[in-house]
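> Listed below, chain by chain, are the residues.
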Amino acid sequence: MNARPRPLAAGFAAISHAKLVLLLALTTAALGATAAMPLMPALEDTMVETLAGDHFLRNHPTFAPTDFFDFLREKESALDGTRRAAGAMGLLGVFLQMFYAGGIVAVLGRGPFSFGQFLEPSRRNFWHNLKCFFLFAVAATVVLGAWLGGMGAARKKLLEDIPPDAALRTLTFWTVAVVGILLFAALSLLYDFARAARRHSPQIGAWRAFRFARRALSGSWVRAIGLWTFWFVLGAAAVLGLFAVTWRLPAVSRPAIALLLVLQFGVLWGRSAVRVAAWGSYVEFLEPRARQALSAVANVHAATIAAAPAPSPG
Amino acid sequence: MEHSWSRCVKGGGGDPIRFVTLLALLSTPLAAATPAAPPVVEYTIQVSLDPKEKMLDGTEHLVWRNPSGDAISELRFHLYLNAFKNNRSTFMRESGGQLRGDKASNKPQDWGWIDVASMKTADGRDLRPGARFVQPDGNDASDETVLVVPLSSPVPPHGQIDLDIAFKAKLPKIFARTGFVRDYFLVGQWFPKIAVYEPQGMRGRKTGGWNCHAFHANSEFYADYGNFDVTFSVPSHFVVGATGKRVSETKTGDRTAYRYVQNNVHDFAWTADPRYIVVEFSFDPGKDVPAGWSAVASKELGMSEDEIALKPVACRLLLQPGHERARDRYILSTRQGLSFYGLWFGAYPYETLTVVDPPDDGAGSGGMEYPTFITGGAANAFLTRWPFQRVHGIEIVTIHEFGHQYWYGMVGSNEFEESWLDEGLNTDSEYRAMTLAYGPRDTIELPGGLGIGSYALAHSEYVDLPNLDPIDSCAWCFASNASYGINSYPKVGLFMAQLKNDLGADVFARAQRAYFQQWSFRHPNTADFFDTFERVSGRDLSSYRNHLVDGRSRLDWQVVSAKSSEADGDYGVFERGGKKTTYEDGDVVAPGAKKAKHSKSDDKDKKKVYATIVLFGNTGGWAHGAKARMVFDDGTVVERNLPADARWVRFRIRYKSRLAHVVVDPSRANLWEWNRLNDSKVLRSGDKGAARTLGQRAFVKYTGWTAYLAALWSQLLWALA
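Here the protein sequences come in this chain order: B and X.
Under the numbering used here, the very last position in the first sequence is 315; numbers go up by exactly one each time.
Under the numbering used here, the very last position in the second sequence is 783; numbers go up by exactly one each time.
Incorrect hints may appear among the rest.
[To be verified] Pairs of lysine-lysine residues, derived as PhoX-like cross-links and limited to a Cα-Cα distance of at most 20 angstroms, are as follows:
id : chain 1 : residue 1 : chain 2 : residue 2
1  : B       : LYS157    : X       : LYS169
2  : X       : LYS230    : X       : LYS116
3  : X       : LYS165    : B       : LYS157
4  : B       : LYS158    : X       : LYS165
Quick caveat, the hints were computed from the structure, so don't treat them as lab data.
Owing to the predicted nature of the structure, the values given are computational and were not obtained by experimental measurement.
The shape of chain X in the complex, shown without the other chains (with noise of 0.2 angstroms):
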């Protein structure tokens, strides 16, 4: 086989790789990163539920620890649930009154708000008259969800404040995470939250501030590690839960006062509703952790099995009544998430998990995370049963926020400014989870053997969307709610995978656990993501940032055309044997004839030559390599690779048999690849093996499935009429 082939490179060459020898590193693990001592924030609240009225009516002690070198004359705090208070609010109007597929009630009882009626510091003043809502991000005037409390004395550097904080709450009928429906109460993002203030250096900073953000419709959440004493008050018959451990109990008349604690943690939630199924179950990571993942893990990270050891965890599970189906799936998919995120990343250091389970009408408060603290979904009847018991709706809800107890939990990123670092990150978690507990058709799987995995839908979403953004802008700064999801969720789903397939499984599995590892209880954002990536790969990866974080390139790589044809013979004078031979179609011209002598018999011995050109293109902005593949009639295999830097490859192959097929990233590395139909050509059907194809057979029974559908459906309307 003969082949030639010729390219055209793509302006600015790519950077050679440096490997770096890693076993001085791998063999001591990273220290992990461990929380400030003392605490940036200590919040104490007490709490009291009025479930008839919605209301909660509290108090707070907070300490708040200047973690600056900077003076600050003036604090920030986050009143969330003034998202919920009118139309009016930045909230409202970037929504539209809908979120998560749940729509919100215009009903006078259904909103929600928080005032806070004091503030006062340790020497009695009171800053409330003082302070003014603001809106930073340059939103709605109207919107009340960032306080400015200017100080009449600044706190000094590396000072602290006490302030005591009485405060008022109406929830709201529950359509975007916090609130109610019935009695039962979902109760999230409720109590005056300080703001984070970073110093300079931190996040790239180039001085101190506060990181202070409205609550768009599309953003979360972002605020400093602490420790949480809480104490809620309710009815005695609600059964409870929340972020933490119940350290007590108090019966006082017909109501109960529960106290939870949690220390290094940014957030506290709590529920309440009297119908709740309590499931005590525990995680014990000697009985509880699938067979086979702490030695795939192991061998992934190059440590062994016992330095990768798990923690116990108290679990338990709140259940909606009716749902009793879903309660095995529930517990399940929580020790699968302790295992997969524990040993990849490191063990869960909490003691205990909470998961709620929320009924079918509050189902706006499930699919969340707060620490500790988990709201799970797609639990209803209909979807525990037959046909839909094999659609891993439970699975991947409850995998996907206790994964969050890592990225958003652990490693505090913002939220608002950079949510693929944690819904992002996580969402590749959850496809590798759910990829090794379920196989390769993780999210569906339908009678007759036929399902879907995370990484098709995630293609699918990913495809579907306009490029309009790139993966790393502000939450409320997407071209629509379509962008930010897809940008935040599926389409990190494929750059991390198409990053671990490029970078191999090991290589980006010690990067992700030294990532987590040091940027645990701290405030990373994506240059220290990559920092970090770079640092243990030993690579440059500033394509990926600049093209797929920081950029909208695609790439797509190509089967532009591709043909094989019987070859000439040779025309000509050839230099053979050391003398010059005159060839006419191969036969050789005799000296003095004007023509070859071309007799039938020499037609047997004739070998028969084609000549294939296949030409390969990638027409995406992402420079970056390829395999192709091309295969002959008689079974035989060319491979060879493309290189990042082409715009275009063409072969030129003479060989004996012709070209079957020819396919572009055979085994589909790429995840980043765009168009998957373009990235082969089927020439025929060969006679061998590799080269046969079954294409004609998949056209007829294709159409016939597209005729019979098609003929249903006019039998149904028969059937009506």
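Just chain B, with the same shape it has in the complex (with noise of 0.2 angstroms):
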């Protein structure tokens, strides 16, 4: 019998599905790209028919700074525009992954798949996966909303006197905001979790989804808390990181111009990368977890506890 992967190198191996990683970053580009669209127009009006462009380019120290508050005030509306757009792609995108993710869980782990393969499930589970979501962000919003507000508020009360550098000062702020990160990480796996149950049983409902991730969460929770602030800091160190080297390149001449471009896509791939990585770690983490999850959640015929089919090679 072969060995099951740890979730970590399930993570890692995950990365070489490079067709699903690249469908994500594209996404994110096209959704980047739909959103820039309104403010094209002032783009070129600004840039290339005026010296503004190369003021910009240049980085004139005084001309530069000066154009850039005259674009802002002078293009406010395809600005508005932009933004607006943005909100919506922004919107769109959390769609469009909540659509990915059902058949995400569908193939890790399970070898080559076509995109057929891919898509199938995807349409099957959005449906279950919008409800996921829908339960996730109200539980998100009650759960982190009393602790940051109360814990707020009972900080103002409490440090009303309290020098500004006092350590007691810091050490709650921390400590808050250390917990919430935590409550998001538990809120979060539940959700992955929940969303992932369809691998186990394509039939299962949102809130026993959520049961089952409950289930298969309890007794491990360290261990999935871990994964997951692994996987958070690799991507937010990858998009840090990477988005840094984009914005210290000058880029005046067309290759470097080009350069950026590219770099610019690869903290797109980067970041899309990391998702997929975590997806195929919380898919393995899961495996071993999932029947006694199941059973304890359903009273389900034996026969009925079976893995979606795995996809034929090729």
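Assembling the complex is the task here: the two chains are given apart, and the hints tell you how they should meet.
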């Protein structure tokens, strides 16, 4: 019998599904490009038809900032349009990732797969994922709202006469922040595992799926949160690190601008890879726990406790 | 190249520029004004602070000397702390309980007030029962910040009155400059302060009278110069600082009384906090003036470095625990302020300077100025760490507040009525000092070489403001707090920079130094400012005053249209070489022929000519000239002046090369210019040097950035959902 890979190793292995990572990266790139469209005429007007483009590109120390502020004022409506478009694309992106997640949980860890084998469970599980999102959103709002709001008010009252540099202020701040992050991590894990439940029980409903997730995580919270934290930190480091590189790149010549665009896409690719890797980890983490969790939440015949059919090779 | 131009002239021509020989003037620096002797006011105050109740209990001996030829039958006092007495004061109603980013507390123990218990003349008569509160600006009837004290016998012309005043004050919780938070006390505007009696002729007055306004949300202060001798008593574990020099320290039981003395100032503030970290440092002109500054100032002023030598100053920084990273920045910026203002205007004349670093929860007391005593800010642990340590908030605040030692401190303009004369002039000085110290990105420097400077920020504030008020408005007369702020600070910074560019750095520096020297320890007004500048520069500056300071005019030169197309050849009959020749599209029509005979081989020799037409216009209300620059594909640059009195100017140029781009005010000397985006037009990226532009690349790059940031936003939402 083959030993199952550890979750972390499974996560890194998931990145080898290059098409999947590329799909996520291209999706976000397309969303970004669409959001940028309302601004393009204003950018052409300003960058190409006036000397402002030169000032920005050459980073003139006084002309560029002044032109920038004039641009913000003169092209306010175009900027507003772009902001709204970015908001709409962001929302669309949230729905798209729910769609993709349905396919991701079905195909990862089961060898090569075709787009059809990916898209079919994506479609099938979309509504389930939407319901899971709703439950997650409500829970996160209530739990985090209560924690952060309540602790914020308590802190304000308790520390009113405490000097700003007092250790107690720093300690309470970080305690509230860390616990808040852990609460979010826990809710996020429940949400992801509830979506992953469809891998093991294709008909399971949203509410049962959350109970399944809770059962699966029971006794393994520390390990699970450790996994979540690892991928979260890796993702943040990748994005911030690569973003810093793109930020600092002067990019005046044509090759430099081309490199900048490639690096920017690289940031999107990197973040998408980490997301796919995280899914790979969770799916692997869930495997040995799924059967027991399912039987605990559903009075089901053993025959129905079946994974979704593995995709045929090629 | 052939060109012609035409223009449309605005009504009313500009006055001719008169140049005055300045050698005689400049070789003998204007004699600096000196304080009046004896001074108009002398305060001797003893006060005790009860830190638990936040109360002051004090007695004040006031000597007031009538500076006028009028017999004065009443006195007027500012009782500033009553602005914080309740929500019906003029200050609280106008501010809505919020100012400078801070919010007033509604708790019963957090209000502030001042009560004058008695006010006795030398013969023992108590004037307090006859005193009454007035609202001189037609402001709220419940406002108690101005007290009128009728006198039983008038103070004769140039006479004197001595008063013994007993008062109690409750300090408010800090939200606007003064008060307490925990055990930190910043005690400003805390004692009964006599107003300024302006004799006839002073600041343009037709008759003498009191200048005593209510304390408005947007106003600051105005007082006579005099001597202060203040003793304040606090529990011994407090660390203190104050205006002036500490002359004694007397411990009695568990309290200590500190006596501070300072002459030739118009206010006194002090502070106490048991947690201060005291940092004593000095300003040594031999070491602490930044390299090169003395030489630059000397050149601009036309004075030797010896003539502008500075004096040592004993400085004291009262730092908050947790702000240790800000220590060196405070010290450096204090020295930069002492250097810049001293070199360009005149050496700081006082022996001491105290710099107070407020706590994060007392930030409302920061960013303030009192004679020889300033409060800083922006020093919290967050803003002094990477990547924010190049956000020069500490430097800006410290240099600006120090600068008020000059504009308002020594040149005592009326902050109620003409806030631009202190805040605006000081903002200009601060911009210049910061640019000298930190370069064009003096405000914020970000990683990656990006940054923003003072003038760019000032421009953004100026253009974002609805143009409702002129600069020269009384502080409470502006349409909004934002209008007060922008008209008093950055817009004046731009005005002064415009003036400097037009007069030249040297003339401007000399004029401003002359204004400082002439009006130190006196109370100038807007007319005095312009009189000095006109006298020194030899120019009529009425256009600047009428349009930029007293008016709301803008300047907006723009490229209205620009086109460049292949010019037609000659058509018709021309007298050339003494004979009439007929041409058709450049080709000669042979005698008797109906059309020119054109062969393709002629094209090789035919030189293309382009007709370029550029129209510039000034759609702003201020008639002021600009330079225009037209750049052709082959790199040829043509520069012309756009006259001040023109509404528009059109250039027609026939040249062998197309126009690549055109720009008005290429060096951006016109800081008053409203909109820079319409200042240039690019027809095509040319072939050589100055004609090449990179607009297409910029378009691709910044479209990419927009898409990238929007994509990252999507990914962030994915991460959360």
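> Determine for every hint whether it applies to the structure shown.
The hints, checked one at a time:
no.: 1; hint: B:LYS157 <-> X:LYS169; in the structure: 15 angstroms, holds
no.: 2; hint: X:LYS230 <-> X:LYS116; in the structure: 11 angstroms, holds
no.: 3; hint: X:LYS165 <-> B:LYS157; in the structure: 15 angstroms, holds
no.: 4; hint: B:LYS158 <-> X:LYS165; in the structure: 17 angstroms, holds
In summary, the structure agrees with every hint in the numbered list given earlier.
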